[in-house]
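**Q** Read top to bottom, the protein sequences are chains A, B and C.
Heads up: the first sequence runs through residues 1 to 453, numbered per our numbering.
Heads up: the second sequence runs through residues 1001 to 1264, numbered per our numbering.
Heads up: the third sequence runs through residues 2001 to 2320, numbered per our numbering.
I should point out that these hints are in silico values taken from the structure, not numbers from a laboratory.
All figures in this text were calculated on a predicted structure; none of them were measured in a lab.
Ideal Cβ positions, reconstructed from N, Cα and C, are used throughout, including at glycine.
Check each hint, because a few of them may be wrong.
One-sided and incomplete, this derived list gives chain A residues near chain C with beta-carbon spacing under 10 Å [said to hold, decoys possible]:
id: 1; residue: L103
id: 2; residue: Q106
id: 3; residue: G108
id: 4; residue: N134
id: 5; residue: N136
id: 6; residue: R233
id: 7; residue: S279
id: 8; residue: W282
id: 9; residue: L285
id: 10; residue: A338
id: 11; residue: R389
id: 12; residue: S438
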Amino acid sequence: MSPENAHALVKVAIESKDIYAAVAVYDIAHGDDRTALEAIFTHERRHILKLARWEHTPASVLKALSKLHDETVQLRIDKNPSTDGSTLEQQYLEVGSSKLIDLIAQHGNASVEVLLGIATREDDVQIVKAVCSNPNSDDWILITIDRRFKSYFDREIAVHLNAPSALLETIYARGNAYIKAAVVTHKNCPQTLLEKASNESDLTILRHLAGNENIAKNALVRLAQHTDPSVRRVAASNPLLCHSEVEKLARDKVVAVRRAVASRSDLTPSLLGYLAQDSYHWVRLWVARNPAMPIDLLAVLAQDDNMEVRRSVARNAECPKELLKQLAEDDVSWVRAAVAYQKNAAVDLLNKLQDDDDVDVLCGVANNGHTPQTVLQRLAKSKNDDIRRGIILNVNASRKTLLPLLQDPYYLHRLLLVGNKALLDEDRWTMHDDADPSVRFIVFKWFAKKFMQ
Amino acid sequence: MKILVAVKEVAALDEDFELRDDGRDVDEDFLLYDLNEWDDFSLEEAMRIKEESDTDVEVVVVSIGPDRIEDSLRKCLAKGADRAIRVWDDSMEGSDSITIGHVLAAVAKKESPNMIFAGVQSSDEANASTGISLASKLGWPHAAVVAGLKYAANDSKALISRELESGLSQEVEIVCPSVLTIQLGINTPRYASLRGIKQAAKIDIEELSPSDLGLSDQDVGLNSAKSNIRRMYVPVKGRAEIIEGTPAEKAAKLIDIIKNFKGE
Amino acid sequence: MKTILVITEHRRNELRPISLELITAAQDLRQAGDDKVVVAVIGNQAESYIPELSVQGVDEIIMIKDDTTEFDPDIYQATVSALIESQQPAVVLLPHSIDSLGYAATLVEKSNVGFATDVFQLEYDGDDLVATRAGYNQKVNVEIDFPNKDLVILTVRPGVYKPIEESATPVVSTQQAVSVESRSKNIQFVELASDGDVDITTSEFMMSIGRGIAEEDNVEQFRELAEMLGATLGCSRPIADAGWLPKSRQVGQSGKVVGACKLYLAMGISGSIQHMAGMKHVPTIVAVNTDPNASIFTIAKYGIVGDIFEVEEELRDLIG
Chain A
1 MSPENAHALV KVAIESKDIY AAVAVYDIAH GDDRTALEAI FTHERRHILK LARWEHTPAS
61 VLKALSKLHD ETVQLRIDKN PSTDGSTLEQ QYLEVGSSKL IDLIAQHGNA SVEVLLGIAT
121 REDDVQIVKA VCSNPNSDDW ILITIDRRFK SYFDREIAVH LNAPSALLET IYARGNAYIK
181 AAVVTHKNCP QTLLEKASNE SDLTILRHLA GNENIAKNAL VRLAQHTDPS VRRVAASNPL
241 LCHSEVEKLA RDKVVAVRRA VASRSDLTPS LLGYLAQDSY HWVRLWVARN PAMPIDLLAV
301 LAQDDNMEVR RSVARNAECP KELLKQLAED DVSWVRAAVA YQKNAAVDLL NKLQDDDDVD
361 VLCGVANNGH TPQTVLQRLA KSKNDDIRRG IILNVNASRK TLLPLLQDPY YLHRLLLVGN
421 KALLDEDRWT MHDDADPSVR FIVFKWFAKK FMQ
Chain B
1001 MKILVAVKEV AALDEDFELR DDGRDVDEDF LLYDLNEWDD FSLEEAMRIK EESDTDVEVV
1061 VVSIGPDRIE DSLRKCLAKG ADRAIRVWDD SMEGSDSITI GHVLAAVAKK ESPNMIFAGV
1121 QSSDEANAST GISLASKLGW PHAAVVAGLK YAANDSKALI SRELESGLSQ EVEIVCPSVL
1181 TIQLGINTPR YASLRGIKQA AKIDIEELSP SDLGLSDQDV GLNSAKSNIR RMYVPVKGRA
1241 EIIEGTPAEK AAKLIDIIKN FKGE
Chain C
2001 MKTILVITEH RRNELRPISL ELITAAQDLR QAGDDKVVVA VIGNQAESYI PELSVQGVDE
2061 IIMIKDDTTE FDPDIYQATV SALIESQQPA VVLLPHSIDS LGYAATLVEK SNVGFATDVF
2121 QLEYDGDDLV ATRAGYNQKV NVEIDFPNKD LVILTVRPGV YKPIEESATP VVSTQQAVSV
2181 ESRSKNIQFV ELASDGDVDI TTSEFMMSIG RGIAEEDNVE QFRELAEMLG ATLGCSRPIA
2241 DAGWLPKSRQ VGQSGKVVGA CKLYLAMGIS GSIQHMAGMK HVPTIVAVNT DPNASIFTIA
2301 KYGIVGDIFE VEEELRDLIG
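One chain only, chain A, in its complex shape (with noise of 0.2 Å):
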């Protein structure tokens, strides 16, 4: 039986002595039965270590490790993507030497009043750098960089997304022509700088504008109409290019170009027509999955030579039923699987590909939402792993289809089964005691998060 409540849960976890168990439940204990887990995961200096460093190890339990002023432990908290805001406060407020200071100012979950701090009051470039890359660093630390070091980290400014207009013409001004292009793809850049940008003669700056979305359209037709193919290709992206230049670049000589073309979304049936019929492969094949494309068409495509053509009209969200029945016989098992994937595929397709022996059709087909538990019941006991997690990962797979997967050989889809809400609490319990810690981990975690709501 699983535990029935939080008390419950931890008492279990105490009892087991398992650093895993004990990490998992940490959030949810209180008073002494903190103190025990604690004295569980803090027991082995190796372990510590191990838990400061580990992905899943709770911002808890890391707030708690903290407090144990090991150098290196706190070395390996501070990279530790799950620390949060307030530990790497506390530990930038704390200890203060350089090496954990430049971490603290790389951490996503540095909070912006620490990153101010740094970047008042630091001097070592490394750690500005740090601070000048953080996405959390907002517009007026960015500022505040700038005018303590004049250009010197120009290119990292130039880049951030919180970077504000005026920052960027500064930049802009004084910038070569990498700074300029690393300017002008910036949301932020301001017109003014677009248009003195689209008289630029360097190439690189050129091919940057041209993917900028607030460019004024003539400049930007004036860029697809450009010498050099690098800049065509990258206007041709561009969704605010007008119908009668994506027309133009259709038939452009540079098949980089033509591909460009082909992969927007808003093409017209006669264009998608047009490019249907290109001679490279890459430009058909991005057409083959636009979900505009003409059914007719489509089904020419469905015979073209290139089999990754094909593959793309089975992956056409689109894509007739008829088309699909085709497909599905495809000498090319990868076309196949596509088929097999497809959010289209009636149940009597599935039926039939489910006798397939190509490993990526049957992994399709224990994908897919449509296939009936009776095959999915059968391909459970398939030797293959990658089939056998198919099934996992099937959103409509029942209780009855998961449970012998329960006792998988791979830990991965114990893991992942943890999860799954077709499997009731008794189900999941049964692994609480798992081979594997990470397993143990999870379902522990799992329960905990139950009783936390």
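Fit chains B and C to the known structure of chain A by using the hints.
**A** Then chains B and C, alone, in the frame of chain A:
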């Protein structure tokens, strides 16, 4: 018919570790132990031969090391090995790959297998010499870095393919019994079933000491070592060298790395 | 005076580059002016390699002409053992290569022989020869010496020493081949396509994609990029599980180990334990990821913190 599979429990190391006070090894608290990656493949190759054979094939795993290595031996038993042998006493501390090869040879003489597999190398020390040292002591035919094997139980010859440098492979016919060092990727190693894990927990691991094998203190440990560790240190480049710059600059450097690799 | 013996390697009528690198390494072992670097070449076409091996720093070349064209572990073991007897070298340098790994450990039975493999630095500290190799999967360097050994046999890591280009005219001598019964026989060499779309277990250059690619539509551009770069495309488990790429391309514990890979571009792969199990041994890993703390950076040689789509776009333009 018997196949002997020599395995090793290796130590992995995460970044941010400390050296021992004498500076000649890493502080033990930082070592994470597991069965050597290569050994999963050599055990699987033995299991494949066992399962494809009409006659009885016994798969025996052997490893040298202290108590803790039982975990790795049990892992092999859980995957289907019939027996496990562990050789150790304290005089063996500090044995190098050549000595380990010689001790394994003594075990092989006792067990008289028809074939011996070892991993190409261990992931921690990567000496790549234990298997060949074992073959040398036995005087058996041997081949290193076997990435493909055609051999059935009791065959007098095996057809192997050795993975060479620069995308070349060599097919070689070798007289059996022989010692083969097995390369990663030769097969798809299985996972131990939960039932296998439970059963393995009940099997007794056979324990031998060097004297049981007719070896003296002089034959093992630091006494027989071919080299001596002066000091260990962390190379300057530990973590990845971060390529800096704007996206265009980063890509330019990446292209340089690729071109350099291709020799352009 | 001492002798440093270098054992060269060749395959399919070509000298392997490591042979010349060993000659450079041997120069670091010269102490006295009369120390000798002796280079041995074994095989029925031994003389054809003489011009290439005649570089400065070589005092003598010994040809051992036997009946075989290609490497054979039994013949090399017997021949090199005989050479050691006749030359009485203080140090023998062998390539740390697939072939030499097949017999190096057979040469060190005697107790007065020192031995180390995959060394990449050599020097004398007084009278003590000190070699450096890596440990714990390249995480540490280990300095080792060889107390009380009369002969030290070392295998040297390829690609560390630069070949000497200046030619010279060393003494060339011939030594009798040793008669030995070989127990293995070369059947044939098989070329595996060295780049482009091949089996991921035999590819030397791979580009793998992970969760970072976000949508199935994005797979195509990376497949195209891999084709342009001449890389084999691989992926992490979630990509194959979604049916976006075939299972045969999956790298890692659930998939395959990329045993032959030398350069691995990990695009948008965070580096789960399962994935790293399949590629962490690759000597040059380049990781591109938006998260500077992604585990993949702990095993990568080069890291790019950034958006994989940006990098993909830029690469495309640079290849043209």
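**Q** Under the criterion of a CB-CB separation shorter than 10 Å, is A/R233 in contact with chain C as hinted?
**A** 8 Å, holds
**Q** Can the hint on A/R389 be confirmed by a CB-to-CB distance to chain C that is less than 10 Å?
**A** Holds - the Cβ of A/R389 comes within 10 Å of chain C, reaching about 6 Å at its closest.
**Q** Once the shortest beta carbon distance from A/N134 to chain C is found, is it less than 10 Å?
**A** With a minimum Cβ separation of about 9 Å from chain C (threshold 10 Å), the hint on A/N134 holds.
**Q** Would you check whether A/G108 satisfies its interface hint, that is, whether its CB is within less than 10 Å of any CB in chain C?
**A** 7 Å, holds
**Q** Holds or violated: the hint that A/Q106 contacts chain C, with Cβ atoms closer than 10 Å.
**A** OK, holds: A/Q106 within 10 Å of chain C, min 5 Å.
**Q** Take the shortest C-beta to C-beta distance between A/L103 and chain C; is it under 10 Å?
**A** 8 Å, holds
**Q** Could you check if A/S279 really has its C-beta closer than 10 Å to a C-beta on chain C?
**A** Constraint on A/S279 not satisfied, violated at 16 Å.
**Q** A closest beta-carbon separation below 10 Å is what the hint needs, so does A/A338 meet it against chain C?
**A** The hint holds - A/A338 has a Cβ within 10 Å of chain C, the shortest such distance being about 7 Å.
**Q** Holds or violated: the hint that A/N136 contacts chain C, with Cβ atoms closer than 10 Å.
**A** 12 Å, violated
**Q** Given a cut of 10 Å on the nearest C-beta pair, is the interface hint for A/S438 held or broken against chain C?
**A** 9 Å, holds
**Q** Taking the least C-beta to C-beta distance, is A/W282 closer than 10 Å to chain C?
**A** Since the shortest Cβ distance to chain C is 6 Å, the answer is holds.
**Q** With 10 Å as the cut and Cβ atoms as the points, is A/L285 at the interface with chain C?
**A** Where the cut-off is 10 Å and the nearest Cβ of chain C is about 6 Å from A/L285, the hint holds.
Checked against the numbered hints above, the structure breaks hints 5 and 7 and satisfies the rest.
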